[in-house]
Amino acid sequence: MFTFFLLHPACLLRDDFHGCHQERVTSPACLAAFRSSPGSLMEYSLLCNGLCVVLFNPVKYKLFFVSIMLSLWLYMLYCCVGYASTMPSYMTDLEQGKELQFAAGTDTDHQSDASGASLVSRLVSKNESDQEAPSARTASRDLLNDEVDSDRSDDWDETRGDHRGCLEPCILSNFSSASESKKLPQAIIIGVKKGGTRALLEFLRVHPDIRAVGAEPHFFDRNYHRGLGWYRDLMPRTLEGQITMEKTPSYFVTREAPARIHAMSHETKLIVVVRDPVTRAISDYTQTLSKKPDIPTFEVLTFKNRTTGLIDTTWSAVQIGLYAKHLDGWLQFFPISQILFVSGEWLIRDPAGEMARVQDFLGLKRIITDKHFYFNHTKGFPCLKKPEGSSKPHCLGKTKGRTHPNIDQDVVKCLRDFYRPFNKKFYQMTGQDFGWD
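For the sequence shown, the residue numbers in my numbering are 224 to 660.
The hints are simulated quantities; they were obtained by calculation from the structure and are not laboratory data.
It is possible that some hints are incorrect.
Claimed, not checked - Calculated cross-link-like contacts (lysine-lysine; reagent style DSBU-like; alpha-carbon spacing at most 35 Å):
(1) K636 with K648
(2) K647 with K636
(3) K405 with K285
(4) K647 with K405
Hey, can you work out the whole structure from these sequences and the hints?
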């Protein structure tokens with residue numbers, strides 16, 4: 224009906240403005256044409272009238288045509304935008320957001336872990352641990368599993384993000400973001416707690432070829448049941464040639480960790496930051512004391528029997544410092560050449576020198592040099608020099624450099640005598656003299 228109305232010669236021959244619109248009833252030819260069509264009952268349809276007026280008015284015809292074309296273009300644009308939104312995104316991970324989400328998750332996971340046996344119970348005989356009755360003294364021994372490790376990225380004065388481009392001119396990559404992918408770590412900082420692992424990781428993140436997880440995944444000790452897929456998803460996206468890293472200091476003293484890391488990749492490079500075991504134990508105790516002021520004194524926790532001078536090796540703060548004992552387990556799976564031992568003391572005294580060793584070990588160009596550091600005499604730690612556009616340098620936060628409590632020097636001497644043979648064995652195993660005696 225509509226097509227007939229628009230194309231019938233009786234109407235098309237009318238070229239004046241009113242055309243069929245005004246004379247559709249009075250014009251016999253036009254009227255006869257309509258009545259002869261099957262849809263004659265709708266001859267006075269408003270739609271027909273409107274279309275007729277539009278088509279026989281040049282101005283309205285052009286406006287009608289333009290509006291149709293504009294509608295088509297808008298529809299095509301809408302379809303393109305909708306399609307683009309379904310494409311996979313290759314944007315670089317927002318590390319700080321993920322770290323906060325993961326840090327919150329790991330605490331919950333740790334509390335609900337069915338294998339929540341303490342670190343000490345894994346490293347000492349069952350009979351010995353069963354003989355000790357629960358008390359306030361023994362309840363404070365396990366300083367690893369009772370607390371959330373504060374040695375995290377929030378120990379820095381400001382949120383870092385990624386400052387590689389500010390601290391050192393980066394070599395711009397020609398790869399698009401589409402070439403980035405998440406990989407399992409090729410290098411892991413496995414220890415030790417309160418040895419300087421956070422400082423080392425933050426220094427390494429200055430290097431453009433290092434990408435690292437900020438929070439501690441605790442995969443090989445607490446979250447191994449989640450699988451490698453879960454572990455890989457925690458890693459940042461990297462380009463080909465970049466090294467993925469993580470640090471979890473408790474791996475070094477976890478019996479199962481060496482075999483598990485070896486099963487992931489026997490080529491994984493391991494880094495251990497070690498420190499004088501006596502000062503490390505005091506620092507460990509100081510951290511716990513800041514969160515649990517009611518724990519027994521350092522002297523009480525150190526000895527099983529103060530009269531005889533018998534050191535309590537079930538206390539984790541003491542036991543972590545038995546480096547030679549823990550290293551034995553790692554050497555069953557990894558050659559000594561695949562493990563780098565970084566001095567926590569030298570990382571403070573000469574950060575550029577220690578970082579040169581680390582970069583060589585990882586096969587990286589020596590980009591991190593002494594020009595990146597200055598010493599903060601107030602805190603007693605080196606800081607990364609402030610990048611352009613930043614209001615202050617990146618220093619270890621308020622939880623670092625705490626004032627240690629005064630410890631009886633007789634207790635310190637007993638600990639040094641206790642650790643001496645273990646230290647000597649450790650020097651022999653690593654081929655390095657750390658000068659702790």
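Results of checking the hints against the structure:
For the proposed pair K636 and K648, the alpha carbon gap of about 19 Å is at most 35 Å, so the pair holds. A threshold of 35 Å between alpha carbons decides the hint, and for K647 with K636 the separation of about 17 Å falls inside it, so the pair holds. Taking the CA atoms of K405 and K285, the gap is near 56 Å; set against the 35 Å cutoff, the hint is violated. The straight-line distance between the Cα atoms of K647 and K405 is roughly 41 Å, outside the 35 Å bound, and the hint therefore fails.
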